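Asks: Next come the chains, spelled out residue by residue.
There are 2 protein chains.
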Amino acid sequence: MQQEGFTIWITGLPGAGKSSLAGAVAAALSGRGFAVEVIDSGKLRASLLGNALGFSRHERHTNNLQHAFAAKMLSRNGVIPVVAAVSPYRATRRAIREALGTFVEVHAATEKAVCIDRDTKGLWARALAGEVQSFTGVDDPYEAPQEPEVRLDLGTLSPQEGAAEVLRALETLGYLARRPDAEDPPDIDAIASQL
Amino acid sequence: MQQEGFTIWITGLPGAGKSSLAGAVAAALSGRGFAVEVIDSGKLRASLLGNALGFSRHERHTNNLQHAFAAKMLSRNGVIPVVAAVSPYRATRRAIREALGTFVEVHAATEKAVCIDRDTKGLWARALAGEVQSFTGVDDPYEAPQEPEVRLDLGTLSPQEGAAEVLRALETLGYLARRPDAEDPPDIDAIASQL
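Chains L and C, in that order, give the protein sequences. Quick note on the working numbering: the first sequence kicks off at 3 and runs consecutively. Quick note on the working numbering: the second sequence kicks off at 3 and runs consecutively.
Because the hints were derived from the structure by calculation, they are not lab data. All the given hints hold, so there is nothing to weed out.
If we take Cβ atoms under 10 Å as the criterion, some of the chain L residues that face chain C in the derived model are:
id: 1; residue: L51
id: 2; residue: H60
id: 3; residue: E61
id: 4; residue: T64
id: 5; residue: F71
id: 6; residue: K74
id: 7; residue: M75
id: 8; residue: V81
id: 9; residue: P83
Simulated pairs of lysine to aspartate or glutamate, EDC-like, Cα-Cα distance not exceeding 20 Å:
id: 10; chain 1: L; residue 1: K114; chain 2: L; residue 2: E133
id: 11; chain 1: L; residue 1: K123; chain 2: L; residue 2: E113
id: 12; chain 1: C; residue 1: K45; chain 2: L; residue 2: E61
id: 13; chain 1: C; residue 1: K45; chain 2: L; residue 2: E100
id: 14; chain 1: L; residue 1: K45; chain 2: C; residue 2: E100
Remember, it's a predicted structure, so these values are computed and weren't measured experimentally. We put the CB at the ideal spot given by N, CA and C, even for glycine.
Turn these sequences into a full structure, and let the hints guide you.
Replies: What follows is the structure in structure tokens.
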């Protein structure tokens, strides 16, 4: 399916709910008939890259750019990329925005205290104990987006509620052709009148 | 356009003619109506990555894996990825073959003397003079494929001739549905008999 290309880029602290939101956005877009690919930086590090990639400023930057490159190739072939990556540096995200042109930045702005409290992977505890270095939010900075297209507090919104907000933003931006909502029942009277 | 997914992976020494071959293969496949994307490691390093990525064993390995990840997402969405990358390590290529499943390894087996003689980017001269470190073929190893799907000497074949061999291999492997060759003239008699 061909459509105007754009990239959804979810940035935020570790544990902010980026992966869950990416999954919910992908499901919502698939449900509308779009081709979607999730580029989950954390899962990619843990699987294909085999934790071979480190967390220096330099490695984070090049890794984010690699995702952007993949996203660009997907989007120009009619597939919507949904990137979930801490992507903590403003300069990196700015470079990617310029490279991609159509860039929907979604800030998973869950409060740090909530991320620490959830700590789904136990990484915050280890970082705060000094056992993990270069951890975003502890000893590595998170430079929050100043004007993201969407900002969501995933401490109060469910992934599905967040995804609904992302899709509304996409429609407002004109990136999604408006389609009959799959939730809307068919208009039986209108159909019957044509029989 | 949906078709069975596969990845064309061109490996070889610097200056072996990988980029030119990738361009010719992409043109030939586009001419047959396939969606194609070239992932040119050298061009990517020089543009988007801004030469930020180095040439350590580790960086080469993770960079190749990033290309494989992008290729996988493209191929499962009906786009044929054509990767051109020195990708000098056998273990890396083996890992990628396993991750991708359908992997067409093309060894650009141009003789080293020819690569040095062409030296299109002037890099061989600098590496041989000791001005560039970690250069494949000089002070970093190139581990040639033992059983590539295709092996081409691009010192004697043109990119177009090489591309024709790659396409023949793809057909033999069953990755391309046989189509009327665009070179074949239409059968006027057969058409006329149906008028």
